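Novice: Spelled out from the first residue to the last, the chains are:
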Amino acid sequence: MTSTTIETDAEPAPLEPARTGPHAPRGLVHDAWVLARRGLIHMKREPEQLSDATIQPIMFVVLFAYVFGGAIQVPGYEGVPTARVYREFLMGGIIAQTLVFTAFGAAMSLANDQKNQAIDRFRSLPIARGAVLGGYAVANILKTMLPIALMSITGYLIGWRIRSGLADALLAYGLMIAFAFAMIWVGMLLGAVVGSPEGVTGLAFATIFPLTFLASTFVPTAQMPGVVRTIAEWNPVTTLSDSLRELFGNPNTPVQPGDPWSIAHPVAYTCIWIVVIVAVCAPLAIRAYNRKNVA
Amino acid sequence: MTLTDPTATTAAPAHPTPRTDHQPSATAAPAGAPAIEARGLVRRFGDNVAVDHLDLTVPRGGVYGVLGPNGAGKTTTIRMLATLAIPDAGEARLLGLDVVRDADAVRARVSLTGQFASLDEDLTGDENLVLIGLLLGLGRRAARARSVELIAAFGLAEATDRQVKHYSGGMRRRLDIAASLVVTPDVLFLDEPTTGLDPRSRNQVWDIVRALVAGGTTVLLTTQYLDEADQLADRIAVIDHGRVIAEGTPAELKASVGGGTLHVRVVDPDQRFAAVRVLAESLGVDVEVGADPTAVTARIDDAERVGHALIALGAAGIAVGDLELGRPSLDEVFLALTDRSATPTEPGRPTHPVDLTGSATTDPIDHTDPTDHTDPTDRTDPMIREEAPK
Numbered sequence: 001m002t003s004t005t006i007e008t009d010a011e012p013a014p015l016e017p018a019r020t021g022p023h024a025p026r027g028l029v030h031d032a033w034v035l036a037r038r039g040l041i042h043m044k045r046e047p048e049q050l051s052d053a054t055i056q057p058i059m060f061v062v063l064f065a066y067v068f069g070g071a072i073q074v075p076g077y078e079g080v081p082t083a084r085v086y087r088e089f090l091m092g093g094i095i096a097q098t099l100v101f102t103a104f105g106a107a108m109s110l111a112n113d114q115k116n117q118a119i120d121r122f123r124s125l126p127i128a129r130g131a132v133l134g135g136y137a138v139a140n141i142l143k144t145m146l147p148i149a150l151m152s153i154t155g156y157l158i159g160w161r162i163r164s165g166l167a168d169a170l171l172a173y174g175l176m177i178a179f180a181f182a183m184i185w186v187g188m189l190l191g192a193v194v195g196s197p198e199g200v201t202g203l204a205f206a207t208i209f210p211l212t213f214l215a216s217t218f219v220p221t222a223q224m225p226g227v228v229r230t231i232a233e234w235n236p237v238t239t240l241s242d243s244l245r246e247l248f249g250n251p252n253t254p255v256q257p258g259d260p261w262s263i264a265h266p267v268a269y270t271c272i273w274i275v276v277i278v279a280v281c282a283p284l285a286i287r288a289y290n291r292k293n294v295a
Numbered sequence: 001m002t003l004t005d006p007t008a009t010t011a012a013p014a015h016p017t018p019r020t021d022h023q024p025s026a027t028a029a030p031a032g033a034p035a036i037e038a039r040g041l042v043r044r045f046g047d048n049v050a051v052d053h054l055d056l057t058v059p060r061g062g063v064y065g066v067l068g069p070n071g072a073g074k075t076t077t078i079r080m081l082a083t084l085a086i087p088d089a090g091e092a093r094l095l096g097l098d099v100v101r102d103a104d105a106v107r108a109r110v111s112l113t114g115q116f117a118s119l120d121e122d123l124t125g126d127e128n129l130v131l132i133g134l135l136l137g138l139g140r141r142a143a144r145a146r147s148v149e150l151i152a153a154f155g156l157a158e159a160t161d162r163q164v165k166h167y168s169g170g171m172r173r174r175l176d177i178a179a180s181l182v183v184t185p186d187v188l189f190l191d192e193p194t195t196g197l198d199p200r201s202r203n204q205v206w207d208i209v210r211a212l213v214a215g216g217t218t219v220l221l222t223t224q225y226l227d228e229a230d231q232l233a234d235r236i237a238v239i240d241h242g243r244v245i246a247e248g249t250p251a252e253l254k255a256s257v258g259g260g261t262l263h264v265r266v267v268d269p270d271q272r273f274a275a276v277r278v279l280a281e282s283l284g285v286d287v288e289v290g291a292d293p294t295a296v297t298a299r300i301d302d303a304e305r306v307g308h309a310l311i312a313l314g315a316a317g318i319a320v321g322d323l324e325l326g327r328p329s330l331d332e333v334f335l336a337l338t339d340r341s342a343t344p345t346e347p348g349r350p351t352h353p354v355d356l357t358g359s360a361t362t363d364p365i366d367h368t369d370p371t372d373h374t375d376p377t378d379r380t381d382p383m384i385r386e387e388a389p390k
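In order, the protein sequences belong to chains A and B.
Take 1 as the starting number for the first sequence in the working numbering and just add one per residue.
Take 1 as the starting number for the second sequence in the working numbering and just add one per residue.
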């Protein structure tokens, strides 16, 4: 074999056989990290696809702060200038909404990958089960840091402040990342089941988008009518928004004695959702993905 | 040499790494097992049976060709063998390892280059190869070194830092094959590796295949191109409707359709039917006419009779303008076999693969009575196509 050369366009070189036979598997963490780096290269190559993580969140903060700002009264803050209260109230909600939207990005990257054939290559490699999806999860978590940072900066510029201590603030950022992680798995389940980018777009708009509005994202739940209010009160997007407001020491609707448990304990309730979502969606997504690609 | 040694792929170019150096894995491949052994493989898509009780035995070493028309079940078979699809029934072993139960052990020894390049389009050629190297457990330095090596060997040096989406079809295919060789596999599946390539790229792929086989890899290649199978394959299985309808060396396959073909062109088109009559008499076989008004074609079992036939033509006063005695091409074999298996009501259709190594009892053409065909247009071309004898 050493003397065998391959004729090619460019200067041919002898092709040595590489090591053959069984190799050392490196495990899920290594494989997922290698694949996550691939996801990061994608983001670097296609910066315009990052608009959902960059321009969009900034735009939303500015639009909602200045368009709705004067119109929405946060209960319990009568007497303080409405616009100033609302801008601080808004931040928890708009960050929550952006984190929910990370599901969409994860679903799209999975759907796009299935459209081209790169998946077949990974499937035929002896890599850890779940490494491909794990790689997407890691890449998307890193991607999520971007809008979180940009929104924090934009918020600061329009007058939002962290009015709590360091521990609470860190807990808030930790909760954001944990929630994003859960939403990424929702997205991957969606991407694995639906499979096509068009289908993902359609389904995401029909489900994820309304979910972020049926919540205290932009409007306090206290002002919502009957059934809508009940849905919103149990919606984890509400409790995430409220958790962030609480942890940052921002204006939030004061808890009333008759409020449900979810509103009274938003951080705990949100954490339960995060655990349940990951526990349900991650195995289902990996299963759906593997099944779909062993077709 | 440990498996994580970063110098493993580049060290000692004069001494290819012996296979025995490697630590046996938990699921060691049984020695002496054939490269591929499939028994009764079935794969359905809804009501459509893509692979229908397929049996296949591929010895170690060399190139094994799987030939068949579109939709014959080639890709589905290859995907099952490469652990990308699970058989609905039957079983398959690669190097003695079960493709379902020992899927990971199979994946460690097998590479697949599919019909469509399974590359990351947004990554460069180099990034694709390094990524695969890392996933295969190479260290970063070893993965980089192997990528450089492969890119040089496949003539992609000038495109190494270009995104794959800007590659030409031939470059893409070469990179895709290179991606299958980051760690040299024991068995390499190539699914229609040259479909859509220009002749030059096609030759490059063929050279790559030959070099791999020289290095000890077993290559299973599917193709629709008969000359490709003829050029490369040591043995060939012809697949149609999800079954193996014939199996053997290219020579055996050709022999199975008779001794060859006699093409005669008469000078005067009016004498053509006279020529048909004379040839049919003296050769004792069916003689066919082609689209060319002067062409007559006869399949011959016994080349010795050809001389007598030509004398008979002369005696009948028929002037022969052109004469050609061809060994049957694989095209003819292929068309004869797939044509027959495509007409299920036809008597004599084999339900088992034709035994090509056995006696002459299975000459498929003998069973094919032209009058059985309801569609006359279907009849003329397979045997009398304009052809370049191989």
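No lab work stands behind these hints, which were simulated from the structure alone.
A portion of the hints provided could be inaccurate.
[As the list claims (entries may be wrong)] Here chain A is said to cover these stretches of chain B; the calculated rule only asks that three of the stretch's residues, wherever they fall, bring their Cβ under 8 Å from a Cβ of chain A:
1) 36-43
2) 49-57
3) 232-243
4) 285-296
[Unchecked claim] Far from chain B by the CB rule (all over 12 Å, computed), these chain A residues:
5) V80
6) I127
7) A178
8) A206
9) C271
[Unchecked claim] Subject to a maximum C-alpha distance of 27 Å in a straight line, what follows is the list of computed BS3-like cross-link-like pairs (lysine-lysine):
10) A:K115 / A:K44
11) B:K165 / A:K115
12) B:K165 / A:K44
Keep in mind the model is a prediction, meaning the values are calculated, not measured.
Ideal Cβ positions, reconstructed from N, Cα and C, are used throughout, including at glycine.
Novice: So which of those numbered hints doesn't the model satisfy?
Specialist: 1, 2, 3, 4, 6
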